[in-house]
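**Student:** Hints given; two lone chains; assemble the complex.
Protein chains in written order, with our numbering: chain A, 1 to 371; chain B, 10001 to 11035.
FYI, nobody ran anything at the bench for these hints, they're computed from the structure. Incorrect hints may have been included.
[To be verified] Straight-line alpha carbon distances no greater than 20 angstroms define the calculated PhoX-like cross-link-like pairs of lysine-lysine that follow:
1. A/163 to B/10305
2. A/163 to B/10308
3. A/163 to B/10310
4. B/10505 to B/10541
5. B/10356 to A/38
6. B/10045 to B/10092
7. B/10308 to A/144
8. A/38 to B/10827
9. B/10317 to A/144
10. B/10822 to A/31
11. A/31 to B/10356
12. A/108 to A/247
13. B/10258 to B/10774
14. B/10310 to A/144
15. B/10494 to B/10439
16. A/31 to B/10824
17. A/144 to B/10305
18. A/144 to B/10288
[Said to hold, decoys possible] Among chain A residues calculated to face chain B with C-beta under 10 angstroms, some are:
19. 129
20. 137
21. 166
22. 275
23. 326
Note that the Cβ used here is the ideal one computed from N, Cα and C, for glycine as well.
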Amino acid sequence: MMASNYNAKEEDGHQPAAIGHGGAGTVKNKKPDNTAFKQQRLPAWQPILTAGTVLPAFFVIGLIFIPIGIGLFVTSNNIQELEIDYTGVDMSSPCYNCSQSYSWNSTKPCLCSVPFFLDQPFESNVFMYYGLSNFYQNHRRYVKSRDDSQLNGDKASLTSPSKECEPYRTSDNKPIAPCGAIANSLFNDTLELYYIDPNGSRTAIPLVKKGIAWWTDKHVKFRNPGGNDNNLTVVFQGTSKPVNWRKSVYELDPSDPDNNGFINEDFIVWMRTAALPTFRKLYRIIHKKTNMTPTLPLGQYILEVTYNYPVRSFEGRKRMILSTISWMGGKNPFLGIAYITVGSVCFFLGIVLLIIHHKYGNRNHSADIPS
Amino acid sequence: SRKVDSRTIYVGHRPCPTTEALIPPKFCDNRIVSSKYTVWNFLPKNLFEQFRRIANFYFLIIFLVQVIVDTPTSPVTSGLPLFFVITVTAIKQGYEDWLRHKADNEVNKYLVTVLEDGRRARKESEKIKVGDVVEVVEDETFPCDLILLQSSREDETCFVTTASLDGESNHKTHYTVPDTEKNLESLSATIECEQPQPDLYKFVTVFSRCVVFFRSLGPENLLLKGATLKNTQKIYGVAVYSGMETKMALNYQGKSQKRSAVEKSINAFLLVYLCILVSKALVCTTLKYVWQSRPGQDEPWYNQKTQKEKDTNLYLKMFTDFLSFMVLFNFIIPVSMYVTVEMQKFLGSFFISWDKDFFDPEIQEGALVNTSDLNEELGQVEYVFTDKTGTLTQNNMEFIECCIDGFQYKYADSGTELDGFCVTDGPVSMLQQKAGREKEELFLRALCLCHTVQVKEATGQGDGVGDGMIHPADLRGFIASSPDEVALVKGAMKYGFKFLGMESKNMRVMNRNNDVETYELLHVLNFDPVRRRMSVIVRTKSGDTMLFCKGADSSIFPRVRQEEVDRIRMHVERNATEGYRTLCVAYKLLSSEEYDQADTGLREAKLALQDREEKLMAVYNQVETGMSLIGATAVEDRLQEEAAETMEALQGAGMKVWVLTGDKMETAKSTCYACRLFQRSTELLELTVRTLHSWAKSKPVSAFSVPPRSWSSANQDYGFIIDGATLSLVLNSSPDSNSSCYKSLFLQICQNCTTVLCCRMAPLQKAQIVKMVKNSKGSPITLSIGDGANDVSMILEAHVGIGIKGREGRQAVRNSDYAIPKLKHLKKLLLGHGHLYYVRIAHLVQYFFYKNLCFILPQFLYQFFCGYSQQPLYDAAYLTMYNICFTSMPILANSLLEQHICMEVLMDNAALYRDVAKNAMLRWGPFLYWTLLGVYQGLLFFFGVRFLFSNPALQDNGQVFGNWSYGTIVFTVLVFTVTLKLAMDTRHWTWINHFVIWGSLAFYMFFSFFWGGIICNQKRVKQIKIYILSLRFVT
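The shape of chain B in the complex, shown without the other chains (with noise of 0.2 angstroms):
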């Protein structure tokens, strides 16, 4: 028998010669399945998770009780308004669930190419089978975890970013199984590897040709499903695990639903709804037993009970009276009410994607809506928390000016720059005056050989780099871990100074004159985050042993001369405040006893088995030291169009905007500078691992020693900088008392501040800010708003999650909850949509609970006028009907189309949503309001008719009118009335409102003309017009 915990695989199919006969093993085909139902399974499925939801269920128990017991009203009644719900929403479950199977599909029906018998076969991806050998070509993402065979690079390697998977897009290198053979067609061999698991970085798998031949294979050799090719022209790679059995797949999990604050509302309201609607039938049922009490009250001579009744027992028969009174005034727990919201929320979200005003050019998309049941969401955020890069940031850096010697180089617009820098006696440009002609020099080639740039291969048409010529405009050549060096190197290049790039040890550069100077590359100290600089060692044709650094300011300044500072710091900080990120450039020349004693201790220091990096870093301090500055830089993160409009308005709302980002904090903090979240006037407070540090030396005690409550008083904006480590270190304390302490006193500080910057962030760190804040008092509203799939966690974590749908893959769109192309669409849709959304919303419940209230309110009072005998005051047809067709589709009209406000005035005033902040309109004073109404129209209702019949003859033939005739005339108010009401309060009439309205009140007329013309007359009609006029203006 098979080991459970591993698999085999024969690769392409073929058993080894030498193993007995193969028993086909088998696997889960390569389907993708995200949907939820099938066509078979969807119906009890469906209708399972629905009554789940305890307002259906308490309609179902509603409805079987009126089956069961003998009750006032009809099942039909309660029946009708539960089955039209939950058609409405299994319809709608289907749609989205339709869609899910369509981009299954989307996904399943990809056709990918595979070797089957030395034939390659174009499949389905669906198709693929464990064992299959598949091709993959450049920028297509791989249909299954495979392993890779075989590269079309010489050096067995291919590249792949992972962006989608975990957010990292930079370029990884994969390996192909060492010493197998080049032709796939007649490789034999198994591959035994581990159960599918959700690890992405673990895989242990051996790897055997049918002869002795075993190579351990582990996660370099493995391509996941999901990650994509890149830099590799294409690739071969067995299918070691399929469809669900991916660990793209097991890592998925599914989008928790969200639900809005308005539906916490409304379940509060029902619960004061519910407690009426208890205590109504309560106080029915005990007064229906006093009332009975009374000699011949209960079974006067004229009414007399069935023996079946008089069988009872009086207890069972007070249970069912109970039950029969819920029964009666059920209808003021509105079933339609969640089919309207639904409805409304469904609809609504079709405006959000239809907005034109969303439309990008450039991608030729609009915006996308995931969600519809968080639309009134947009209109209640209180803190935005979004990514830097790519969202605030367009990540494209630009290098734009430079310091040299402290004469400020302002690059000129492009077009005529050429022309300008290629002269080969003249400056660079330059503004007033010109730095000596060695020093730009020095500083350019600083520039050029300063860096861990690579020079990319051109795709292609064979390697451009072996020919010494890069093409000026073929900017795409370079791949850094950091997009500024990428800018430097290019800004150097628009001086006339370009990286060609590396020859074993040798950096090769072209000079202005197109020379080609080459530097032998002896050491490169890396970039850290403490020390905030990096440097090379480079060593001359001529001989030259020279040290070329760069790096922030803080960090070189106290590291050369002072008076070379003084020149070139004015510079460094108006381009810091300007939200440039600068980087400072300096250079020394080692003579050659201290490059070999640096040399040396470079060598110990890497070689070094404990304590490798502090050794390393002294050696760095050490040879770091003494340099003379030469210039600094200043590149820009272009910001989003719009970005700092857009932030001012969305601060102008009352919304927080926290920056969470995995950048630096200097680059961060001058996007924050840029954005205009940090003004001049901020003061900044810092929390990093650095002031940490000095803190500790100077006052171990407390970092958090600043006392919140001076801060109130004093008109300062303050912005707060944490990294990540100091936040692990402030989340996750070790469990003492203290830690809590500091989490609370950590929100305490940040939701004082107006701007918060959190750097250096890893992905799930993002989520746990988001959480924190999210379960802070008073429960905010937060949003995320994120483009790369690193921001995937917190977009799914936050109230609403926003996805751009920028650059990074479509990770984060696919996992938002609305997806818009630009970050300068946020405006538009939390001020516009969403303070709409919200004010339509609360409107839409608030006028829900007030119809249903005086609906049901007259016929609670008749009960007092009817011996308590759960004798209904309307006709059956009209219960069932008056939430369905007479009073459904002016709110619901309302609801979509209302604008209380235009659109353009509450753009163009942001503070206009501090109005609605705070679920405004959904809190106990406004439902309070409408209650009373409600209780108030009620009473004017029911007893204005009581007065109207104490003398039933109302017609001019002495005819007098019975008890359906006083429903109705009761009813026929509370249509024109709550019809009226909304009429009243609708402020954007446009022609569906009038129609809808008017239509409505139409289609009562009609249809109580034909439905009544057997209990009425024409005449009765006319009564009730006047009547109505007169209870309508009391209202």
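Only chain A is shown next, with the shape it has when bound in the complex (with noise of 0.2 angstroms):
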């Protein structure tokens, strides 16, 4: 037959029930509102990357990095920064004896006084690092192995200690505060320095040990448990002082409450742990004296050390690290460097760039410049 399948087809569309199993339903729509936004035709700003507009970005940016960069590089350079290793790797050197013969349990400190010459004066406020090498603080079981709310003054962590701090959790059944083996690994050396006068005698160098911590980290995490109870080694009765530690937290700084226990601004230093196996650590700061003499001036010193941190086993060194400190922090040339080259890089591919346009640019009318 005549095409059987092909038929007057009359307006059988709109079946009074759409009968059967619709996918989404038929939702009728009513004429779609007319607005910008769901005709997709909101006022746009498109950006044309011409060489017009390329070019003077990559001259502009080159021309304000490199200044910016020989500031910076300036800057760090000006830093003074003396480093003194006293380890005592080599049998010559003064603290030899002492990191040989190392024990955790000898009860007689042992010394070792490191000279060293300053050819040039510190002028500004000198700060005195303590700096540690191939030491993994930042090693996860490390890192994790501490109690935040038992170094927040919690009552309850204080006599029971987060799991987390083992095997640095009890001693003798009591629980250790701080607990943790960051905690119960504190630097331990004594450092002081004292100036040789021409004429041989020994001027100790005030070391100021206040304000090495973060402000956020002494006021905000840390606080002694017992709030403003002065009497610490009641407050800590109970505990156990970490196994390495000599004395108990509360013993820290018996001279000044405020920086006693978990508020002492070198267990707050070390606690705050470091990101790299190598690292330096505020110790101290030396102020500037009010007159114009320079805070170190030139010339002989000694460094006494009270040797009493083992880091031979595992390779590390220790380091004494004297800086001044500029707006930008302690000396780091690679700031500088990094704005030179990024806006040397800029400015060269600027030229390169134009003379391409210059040469090229008319015969291709829009020549992009990939960024």
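**Tutor:** Have a look at this one:
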């Protein structure tokens, strides 16, 4: 037959009931709203990269970054820094004996003095750091081995520290305060600095131990249990000192109740774990004297070390660093170099692209420059 | 006990008095359920289905590992995003299921009339029970499968269309149960029928009245749910199958989930990243144990292991270390990418339904999005399969012109025509010259007589035919198997000859003088596709016997005198290239001997038991000779609005358009010319039954002897035409070695042609073609567009199915992925929306991988500096919130709003579509670029900060930074860099882009101040800012 499936098709389109199994329902739309959003016609800024915009951008970036980089570089270079390794690896070094005869239990401290010469005076405030190498303060087992709520003065955590502190959680069935591997391995060398007058007499350099910890750490994160109760001995009753410590936490600085217990700044500085296995931590500050003399005049010095902290077992090193500080922190030429590099690369690319644009720009009208 | 394979139904629930006590049989109710979930099973079922997805399962495993094993990051970091993903997906699926519930309800709550105890009661459709007697009025659809008991028509029949079931929209006649009582209230009968089965054309039933009265019933008594009552005022029927047991419900195959090609790319990339992840974890684990083997490193005095760690087996420890590294680096495979992609698709699809350009004032509807998963696929289409009728054309035939005896008659525009043509002595409006009046009238009479059109009874007001007058405007009054027959009859009517209908073998025609002429219809020589013509033999009042024949030019010309052909050929050819469907009309005066001979021949052939077809054909061919040509007609199958422009744009965009139609070849070919799919210069290759026959005679070796190599050389456009019968020979030929060779050869030929036309296609064959192309080499993305139920199969088969909200019911729309009101909207849907969506999602995916790579790479590098101890670089909060809060909104907004090229430009330059063809932005090249960018930036972030930290005293008070500050600085630089990278890629800055990009940076800073208040102070931020600037411009 003639086209049997091809017939006068009548308006059977709109059946009264949508019969059958629809997928998603047939929602009868009314006329769509003519709004800019729905019609995808929102006014828009359509930046088009052309030689006219990209080339100046390159030059501007170059011209801004190079001076900044030079500024940073010069600033960094003006910072004075002196680093002394006192680990005592060599037979010749003063601390060799101390580093060899190490024992946690020895009651007699081992002393050694390292002489050094300062060929330039340090003019402004001098910051004294101790540095450790190959010391993995960022090891996961180490990082998490602490109880922040205990350090924040929580009484319950004081008596039953977090499980994370294992195996430095209890000793002799008493909870350790402060618990954990970080606290247990507190850096306990004592560093003292003496200026040797040309006439041979030693002058102790005053080392300030306050202001080395972060404000937020000292006032927010770390708190002694018992609040302002000055009698820390009572507060820490029933707890044990960390196994490697010679004295209890409340004996860290008995002279100053504001710097004792958990809020001891040396302790707080140590508890802020370093990012890399070679690190430095702020130890003391030598404030600039009011008169015009430099903080550390040129001359001979002696670093007196009470050598307690063993590093030879993991091939670590110990350093003492003296440094002045600029607005951008300690000596670090990296930022300056990075800025200069980026600036010069931009500038150079700008020139190259400018040449290309001049030579071939006329041929190809839309010389887009990939960024 | 009852037999299992049949069911007994009591009509009207009245048991026979003779039978024993009624055991009320239990059947399912008439509720249609297409929804997947209920309120109660939603949670378990949905969760189960979600975790069947590989990605979700992977994240669940990671989460469980984190819970069980001691891992560096807390379970929250991966649990929270996973929870978020699961929740969002569940909400989306819940919403879609709610829509299905709503659609179901619309059907289920539809009010129907049921006869209950002699009263007519309105009931909701879902409450119909098997055995209920249901009343259905004209144009209503049947609410369930019914057995027709009574019809308002006198001849005990009713007409239905089953367009939504099988795509056939012609009227089918169904019969009532013979010899039943007229009084349905008192009818008590049982129906014994088989258990429900999906075959639409099979139905065996016994109808029995309680006394000895049996009737067996067949499919002609069954009215299927989903069919529509036509041309019948009302019927009564008894429900036999209901709800999910109806034949339609049994035939319904759920839409299979379509997955887009982008998702395949994502999975491939995911695999790469999984390899990176595993190798990272392996490297770290290996290095860890190498490092630990050095003395003093594994367990220095300051960092002792716990007893438990010491006791653990070494290999178990290695394994848990490996798992820990996996967990630490697992952020490289972003959970949140899935949720962002889902959200982008879901929200993005709104723009399609919101687009006012898709709004059609005629049907008061815009575009409809059924699936949001395939938005980007619209930008990747390589093959377009289009239906012809109703899609390319309006299926609205119009008589355009005719040519009588070599003179062209153009039908003038409407409005003035009636006056012009009713003039009795003047000619029909004629351009230059006119043919003789006699010829004109003969031609018009031929048009009025040579057809199989029936006049439709005017509904509502009695029989309009009886008066002998049909109102000329009542153009709906014809029913025919082909719309061009109607167009011809209507065309003749415009020239003054009206066909009034049949009256017991007499055809009644009203001529220009309003006189009714009657002709006795002696024989109809039916149309068949081989002969390609049809004839009628009529006897006039005066006793002359005449044969009128109409048919394709190629089949008429050899059977008429040559000099007549020459006069008309030119017109016919010109009309054909203009896309009109041309028919030639011829006639022959039969002498009584000739007629007697023909008559006996025809009668014998019709009664023949063997080879009836061949015998009939022989007689037909014998009768239809020596005719004289009167003229030719040109009928236009009106194209859809802008059909040609749309097709041209699609071809300009590099898509190959295949027309798949059930229509005749000539018709389809003329449509292709009209749509400019075939040009004048296109060389047509025909592979049809006809050409096969002729080839078989000449060279029986192989029909496929066209050497494919020769064509690429010439710059010639080829069009390929194949018909259904030949196609089934190619596709389903006997399973010897040649068949697969034919198939691939066929495919090869098709792929080299600009346009392929497949005519005389069954719906299933359409799907076969789509499937064949879909699975061919390179697996191109296919798109099917159609409007009718017969297109459903190919719509479901193709990657993207588009339904046109046409006249042929809603079946195609319901099964489509996208539905648009008109064909012309396809252009914007593909070239505009599709292109943009593809670019957006491609950028989204690449950006996500990039941003997570440079997020995790520093964490990996950090392991080299922390003794491979799985120490995370970033704070847990940052790890969790990086993808959720800090960097997700800008990319989401970008992937919804970005227009790298404006919509108008995309529409105007179809060739731009080729830029993104073949998944151009998600190939390995761009992926490599983004990956290398991520690696480069990750290295820069980490080592930049590493060198900065060579002196960790970074403040003017000399205090030093710790490990968390290190991570925070890296993280800050990272967040700023990836956000600014996105800003640099954004080409379309609306206020929303500005808001989310700068807003999320501000939010990050704000959050860091509060969160990091404990671990940092203000001065750090200043440092970071300087540092960011320095790094930013390196990238």
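**Student:** Hint check: residue 144 of chain A vs residue 10305 of chain B, CA-CA at most 20 angstroms. Holds or violated?
**Tutor:** holds, 12 angstroms
**Student:** Take the C-alpha atoms of residue 108 of chain A and residue 247 of chain A, compute the straight-line distance between them, and say whether it is at most 20 angstroms.
**Tutor:** holds, 14 angstroms
**Student:** Take a quick look at whether residue 144 of chain A and residue 10288 of chain B sit within 20 angstroms of each other, Cα to Cα.
**Tutor:** Roughly 19 angstroms separates the two Cα atoms, so the pair holds.
**Student:** Is the hinted pair residue 38 of chain A and residue 10827 of chain B satisfied, with a Cα-Cα distance of at most 20 angstroms?
**Tutor:** holds, 19 angstroms
**Student:** Given the hint that residue 10045 of chain B pairs with residue 10092 of chain B, test it: the Cα-Cα distance must not exceed 20 angstroms.
**Tutor:** holds, 14 angstroms
**Student:** Do the alpha carbons of residue 163 of chain A and residue 10308 of chain B lie within 20 angstroms of each other, as the hint requires?
**Tutor:** holds, 12 angstroms
**Student:** Identify whether the interface hint at residue 137 of chain A stands, where standing means a beta carbon of chain B within less than 10 angstroms of its own.
**Tutor:** holds, 7 angstroms
**Student:** Taking 20 angstroms as the top limit, are the C-alpha atoms of residue 10505 of chain B and residue 10541 of chain B close enough?
**Tutor:** holds, 13 angstroms
**Student:** Less than 10 angstroms between beta-carbons is the criterion; does residue 166 of chain A satisfy it with respect to chain B?
**Tutor:** holds, 4 angstroms
**Student:** Starting from residue 10356 of chain B, check that the Cα of residue 38 of chain A is at most 20 angstroms away, please.
**Tutor:** Within the cut-off at roughly 9 angstroms; holds.
**Student:** Within a Cα-Cα threshold of 20 angstroms, do residue 10822 of chain B and residue 31 of chain A meet the stated pairing?
**Tutor:** holds, 15 angstroms
**Student:** Quick check on the hint: residue 275 of chain A CB to chain B CB, less than 10 angstroms?
**Tutor:** Holds: closest Cβ of chain B sits about 4 angstroms from residue 275 of chain A, inside 10 angstroms.
Checked against the numbered hints given earlier, this structure breaks none of them.
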